[in-house]
Structures are given as C-alpha cells and as structure tokens.
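Visitor: Which chain is which? The protein sequence lines are A and B, in order. Take the first sequence: its position 240, counted from the start at 1, is 240 in our numbering, and no numbers get skipped. Take the second sequence: its position 98, counted from the start at 1, is 784 in our numbering, and no numbers get skipped.
Just so you know, the hints here were simulated from the structure itself, not pulled from any lab data. Mixed in with the good hints there might be a few duds.
Said to hold, decoys possible - Part of the chain B face toward chain A, derived, beta carbon under 8 Å:
1. D700
2. A702
3. A709
4. R713
5. V718
6. R871
7. Y872
8. K874
9. L875
All C-beta atoms, glycine included, are put in the ideal place defined by N, C-alpha and C.
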Amino acid sequence: MTPSREVYWNIEYAQIVYILAAVAVGFMVYAFYRRYRLWRLGRPENRLDHIGSRVKEFLDAFVFDGLLHRKFLEIAPGLGHRKSAPGDFRAKELYPGMAHLFLFAGALMLLLATFLDFISHYFFDFLRGGFYLGFSAVVDSFGILLIVGAVMTIVRRYKQKPKRLDNKPEDAIALTLIIVVSVTGYIVEGLRIAATELQTAPSWAPWSPGGYVLARAFSGLSQESLLASHRAIWWLHMVLSIGAISYVALYWNRLWHILVSPMNVFLKSMSPKGALATVAFEQAERFGAGRVQDFTWKQLLDGDACTRCGRCQDACPAYASGKPLNPKKVIQDIKWQLENEGPYLLKGKTPNPVRDMVTQGVGEEEIWNCTTCRACQEACPVAIEHVQKLVDMRRDLVMERAVFPETAESALRSIEDIGHPWRGSALSRESWAEALGIKPLSDKSDVEYLYWVGCTSALEDRSVKMAQAVGKVLQRAGISFGILGAEESCCGDPARRLGNDYLFQKQARRNIEVMKRYGVKKIITSCPHGYNAIKNEYPQFGGDFEVIHYTEIFARLIAEKKLEVPKGSMLTVTYHDPCYLGRYNDIYQQPRQILAEIPNLTLVEMERNRERGFCCGGGGGHIWLEETSGRRICQLRVEEALETKAQVIVTACPWCLQMLELGLAGKPEEGTVRVVDLAELIVERF
Amino acid sequence: MNIIVCVKHVLSADCAIKVENGAINKRGLHYVVNPYDLTAVEEAVRLKESHGGEVTVVCVGPSEAEETIRSCLAIGADKGIRLWDDAFEGSDSYVTAVILAQATKSLKYDLILCGQKAADTEGGQTGTILAEMLGIPVITAGVELSVSEGGKVTIQRELEKGNREVVETTIPLLLTVETGLSKPRYPKLRAVFAARKKQVETRDMKSLGLAPEQVGIKGSKTMIEALSPPKPKLKKVFTPSSDLSAEERIAALMSGGMTRKESEFLEGSPDSVASTLLKFLQDEKFLE
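Could you build all of it, start to finish, from the sequences and the hints given here?
Guide: Written out as structure tokens, the structure is:
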C-alpha cells in the first residue's frame, strides 16, 4: 500500500462543489467588473508604456518584494532599489512583515496544493508514495503558518494597536474568515485521519502535523460518529470557503488587495520619479483634480490597492509634526468619494450626497501640508502615488478656484512678476559671481558647462555663499563653465509644486529657449529642485540636456584626482539627504563619497537616512509657506541631527540649508553646531 | 456704474535696479502693473460686481504695456484701451494726463480710478491733473470707498501719521487710491485665458486729436536732469531712557521714539480754507 491522496473520501455528490465554486468565480468576475467600471470613471492614462522594463521591474518586485517580502519586512526600502544602503540588512518592519509573510506563504501554498491535487487527481497521478508524504508535511505546515500569521495580525491590530492602523469591520471579517476556514479544514483532516490512517497506517499520520494533532484528540470517538462528523464538517468547510470568497468578492472586502495590489505594482508609473504629470492646457477640460472623476483611472485604482497599512503615515513629516495631513487618509478619502459618487456618475446623475472632494473630503489644509518629500511613496509597499494626487488637488485650488494660502500666492506672484520667488532681494543674479570673475554666457559662451545657479543661491543672502563655493571648486578643478546671470529665471519647480502648472510651463519653455539659444548641452546645478525640474520635467517640453548635480561632478573629480581637498582640522559631521536629490533622483552615494574623501572627517549617519531620510520641511514650495499647525518639521530634523553629536550638519541643497538653520535657531547647540553646504565644507579647507 | 481705471506699465521695484551712464540698465529687470493701479482695478471690479456696469482700463504705453492691460482684464475688467504713439515717448505726468483726458472725454463714466502714484516715478500727479482737465472733482489717497444707490460716495482718505479723513461727495468723480484699498485677487486661469483672447483697442496720436508739440518731451512741463540710485536711509536705533518704568519704555520702543505731532484740520468752504492756509504760510515765513 502506498500513501496517496484520496479525493472526496467519505463524501457523496462532492461534484456539487464545482457548481458552487463556479458561482463564486462568477461573483468575483462580476464584482471586479463593477469595480472596473468605477475606475474607468477616471481620465485616460497610458500605464502599459515601457512594457519591457515594466515586466522586468514587476518580476523583480514579484520575486524580492512578493515572494521574499523584502519590502514588507523593510530590509531595503524602495521597490526595485537595493543598492543604496549597502550592508544594512536590518528588517525595520520585522513583526508586521513576518505576519504578512506567514499569511501570504500559507495562503499561496494552500492554493498551490489544491491546484496540484487537481492535476494529480484528474490528469497525472504524481502525488503518491514518499513524495506525497513530504508534500503533505510541507502544505500542512504552511497552513499552520497561515493561522499563526492571522493570530499575529489579530494581536497587532487589536492588542498592540499601533497608531498607524485603523480598524474597520472589514479587517475583523477578513481575519475571522481566514481563521474559521483554515481551522475547519484542519478539523476535516483530523476527522479523516482519525477514521483512517490512525487505524490502518499510523506511521503516515504525523506527515500531516496539523491534522495529526486533532486526529489524536478525536481518536476516542466511534467510527460512525467520526464518519458522520467528517461529512458534516467537510460540507461546512466547503460552504464556508465558497461563501467567504463570494462575500469577499461582492462586498469588495480588503482581501481584494491580493489581486489589486500586485496589479497596481505592475501598473506603476515608469516616468522619472521626479516628473509630475503635465497639464495639457489646450485639451484639458479641467485643470487639476477638483472632483473624483478628474483623477486618472490609475489614480482611482490606487485607492483599492491601498490596504491601510499606514506605512505612509509613519513616514510623513507633516503627520509626524502634528499637522492634519495623513497620506493614508488622503488615499482613503478619494476612495470614499469614488465609492459614494461613482454609482451616480455611472448613471450620469449628480452625486448625492454631495461632498466637495477637495474642501470637505481631503481638506485644504491637508492638501497644503504636503512638502512633496515622497517619503510616503517610498514607504508604500504597493506603489501608490500620493504626491501627484495632492499636487492635482492643489492645481484645482490654484488654477480653477484661485483659493490658496496667501504665502503661496505671494511666492507665485513674485515668480510671475520678477522671475523668482525672493521678492525684496537686493541682489542681482550676477552679484555673487562678480568677485570670482564668473561670466554670463552673454559675455562668453564657448564653455563646456552651464552652471544653473537657481534663484535661492543667487539671490538669498545666506545661500549666495553656496553658489560661490560651488563656483570656487569648479574653478579650482579647471572646469570650463559659465552662468546665465540675468537671463536665468525661476526653474518653475515651486510653481509646479504649488499647483500653478501654467506658470511652471511658461518658465520651463522660456528657460529651454534661452539655453537652446546658447547651445547649452551640459548643465551643472546646485539646487536639487532645479536639478530635478530641468533633468526630469524639462524633457516634457523638448528640453533635453545632460543635467548633473554638483555632488556628482565633485565626486567624479575627486575620484579622477582632479580635485583634492586639503587636510583640515578633525571634524564630525552628519549628512542630511535632500529629498529631491535622494529619494527623487537616487543620489545618495556621491555626497557620501565626497565626505569620505575629505581628510580628518568622520561621517555619522542620522537614524533616518538615504531613502528613509526625513524632509527639512522646505519642499513643495513650503520654504515660502507658513506652518500653520503642529511643530516645525525643520526642528524635528535638526533634533535628530543633534542626536548624532556631529559638529556640522551637512547638506547639498539651498532650501535644506535654510530650513535646517531655522530649525537650529534657539537650540542650546546653536553656537556650537553649524549647518553648511557640502560645497562650503570643501571650500573651507582650501 | 461705469468705471474707468487708468493703469501704468512700470518697472518692478522688486528688482535690483542699477543706474549706468545716466540711464537705468534694463538687463534682468521686469515690468509689472503698477500696484496702486492694480488695486484700483480690483476695487472697480468689486463695485461692478455689486452695482453693475462696466470697467474699462486705459493705459498709456508701448506694445509691451498690453501685458498690463491683459492682467487687468484677467481680474475682471471688461475692456482695455491702449494709447500709444512713438511721439509719446518721454511724456511726463502732465502730458500723460493730456493723453488720458483726450481718450476718456469721449467715454461714458461715473467714476475714474487712478493709482495714487506710480511705483516707478512716484510722481502722484497724473490723476489730479486729469481730473482738472475733465472738470470733475478729485479725491486723493483713498483707502476705503463706498457708493450708495443715489450716487453718493463716501471715501476714507489716508493722511500722514496714520490719520484718516472721511469725505462725502457724489459722482462723477476721480479718485486716486492707495494699495490699502483692496487686495487684488489672484486670477483664475480661465480668466487669464479669456483675457488673452480679448481685443485691446489701440489709439494713436492722430485718432486722439493731439499734435506732436503737445506730447512727448516737447509737451512736457518737467524733464529728467539726472538719475541716481537713492541713498539708503540710515536706520535710527532708538534707546529709551532707563529712568522710565518698564511700561513706559515698552510704549516708547513701540512708538519708535516718536511723539505725536500737533496738527490742525481746516474746515469750511474751499475759499476760507485756502485763505487760512495762505495766512499760515505767510505767518510762518514759508511764503514772502
């Protein structure tokens, strides 16, 4: 006698299960179609572009983030980037990651086993003998993991209650269904083993550990009651499983994320991370998203991919500083809008109840709280795109309604009127360069590089030193470069991120035209915001230049021995990653390489660095906005920097520089700790 | 109520302006709507929104000045007229008023609003001269304006040292406004697009019925002799006497060490006010 699996043992009319299963599949298809119609209320958007790299990146995410749970455990953050934090293999999300891994692996294994069983039963009988016993042991253990995962999740949700999780009935229902269905499955197995194997081949029974334990408990029952209970519980298990699937399908339970979240990862944006979508003013009916149907279908899909795990909430600097914005809630508010207005919109009716998505749903203050630091998107395990949505709603507030904070208005007006946001500056764009003899292209255009200075480094008193430091280093390394001087105008980043895409496009087109007129090919920037705009957004308007940040060229010059930083006094520094350099453009290594090459200098990392770096509070136009509630983000960051006991806080962005100095002001360390730009740190040693 | 607003296309004062060889170096400078005039347009649009009628902006300036007119149309003005002829180059406040008077004479209006002054030249003359030429009353430096149904107008004027004066009059009227009167709205993008499509009427010297000797430098009553950047004002730091109590010291610090100057308001008919003023000037030896 060889061990094998006897399908439908002790069960009559078992084929009814196939009919029930077909009904459940029908419900799933129907529910998915209904949802699909809701998503289709959104505007069109092509998310099957770059199909080759899309498939490749999806497979990478499937293997590493799905099967191996890299992202869920937060071993290395970021879908698809593993290289930037070498040697750091600490799992930042060990407990929730493991709980999910158990649920995931258990469910996947049971599904796979059922499939293999089906093949073996109807087509090719391979599940027998020693192989079957091994198979049984593996599947049975994974099933136990499923229950363990569910229990861990229950403990986390209802006992530990971390702040980032909000409990809704659907969570409890999903967990109950998982536990009830799997436990009844083990009872069925236990009854069968008690009625058969325990008596006929007791050495096989332990190969189904879960069922074996229960079988021993049931072994006192009579054979008739074992058979009768087995039949009853078998049918109960079937009805529960198929009932659960039908319920989950029709009520659009959170368990749909099993399908929708991987879909969302597959459909993620393949544009550069730093490129916001362009408003096509000629064709657009509405500028930005004022109503739920103004989002694209993919943006609406995001809401269903969201599992409310709250990692974005944990990562958000606005939330951390006590402001109303919560990125998780933004996604859920948009989902609410779709679920409640969608059915009316599908019938072509005016939605009832009418809730203005922007002002009453998400909330204006929340929309303006965002610094566009992208920490939420980096934290999201399912590739939800929060920043674009918030900017789309800003676009509605600014361009459609013209209702927005006064501080944002004066920054926008300043860019409109005088081409930069620093109204009141007594400097011209050439003042900083005069003493260094750096010439505008209008005087000397046969240079290799254009140094795009940016408004802040050119016009704001403190940041001028940064421009001068960059200029001095480039001169010392013998780089041939010039500036646009008076012909430079705001890169447009603040306008775009404050929601005035029209102004951004005007600035971009104007700057592209000026640079093309001088035949500019290569651009060095010092401000990461200008870097991002010119590198990732100007191509949307035909501006294709080779753009590098000064940290990139400095690192190269040092590596090629064309630039040497002289010895200075011993110094301990910490490095603050500017969001638009790091998270948006993956420049984490170059600044650290430069710091490593400076003699007598020690770098101490802050708790949150690289992909997990914490915003200075200045992005997304926030350097001009008032923080109306909560603590100042810059203070939170400076406090973290001070914990490293570093003497100098180094960064590579004029906005970070200002914000961090602001955060340091008033602290006891104000006189002893300094905030400097990396270029300034180098020039100090010349 | 039909309102005419006179607007000027000016060099933004928010740029670092350099004077080289007796002229302003225009490299890297920007032009904007004169902020005082933009306030006037906003106020006119608000009046239109509550009383009906039409707002027309009139601007003396070359083709670039059309930007200024379109900015005004974007915040709600209905019509724009640009007055220009190459011969107008170099016109001073007086000539500008002459040109504006020629253009507005033929228009129907109840109220003319002008900025109290232009942010570039800070002359503050044009509005007043224009009113004189049109033969309508003028009130200057308005910071609050209300118009009641019968055409009665109540205006709060800004005086020196934070004093205010309330004046009542009737339309037609020319009022010059301070920027405190109202905050110009940020235009919705649709309005900006609509303003771009609107026709802006242009009128030259001939169609205005003016002769070359009446305009430009020839027609002007003043001329620019030299341009120089202003010397920065010395900042006075006031230290209150340490003999004072804390409360008095705080009060002294907050006032910047200034004491209220004695002032007197003259009331009565224009003739009697004028003769009292003349007597004062003679008594104090300001006039011989």
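Visitor: Was the hint right that R871/B lines chain A, CB cutoff 8 Å?
Guide: Nearest chain A Cβ about 7 Å off; hint holds.
Visitor: The hint names R713/B as touching chain A; please verify it with the least Cβ-Cβ distance against 8 Å.
Guide: holds (5 Å)
Visitor: Does the nearest C-beta of chain A fall within a distance shorter than 8 Å of the C-beta of D700/B?
Guide: It holds, given that the least Cβ distance between D700/B and chain A is near 5 Å, below 8 Å.
Visitor: Given L875/B as an interface hint, is its Cβ closer than 8 Å to any Cβ of chain A?
Guide: Holds, because the Cβ-Cβ distance from L875/B to chain A comes to roughly 4 Å (cut-off 8 Å).
Visitor: Was the hint right that V718/B lines chain A, CB cutoff 8 Å?
Guide: holds (5 Å)
Visitor: Report holds or violated for the interface hint on A702/B, using the least CB-CB distance to chain A and a cut-off of 8 Å.
Guide: With a closest approach of 4 Å, the A702/B hint holds.
Visitor: With chain A as the partner, please determine if Y872/B meets the hint condition of a C-beta pair closer than 8 Å.
Guide: holds (5 Å)
Visitor: Holds or violated: is the Cβ of A709/B closer than 8 Å to a Cβ in chain A?
Guide: Violated, about 16 Å.
Visitor: Verify the interface restraint on K874/B: the C-beta must sit less than 8 Å from at least one C-beta of chain A.
Guide: holds (5 Å)
Hint 3 from the list above is the single one not met by this structure.
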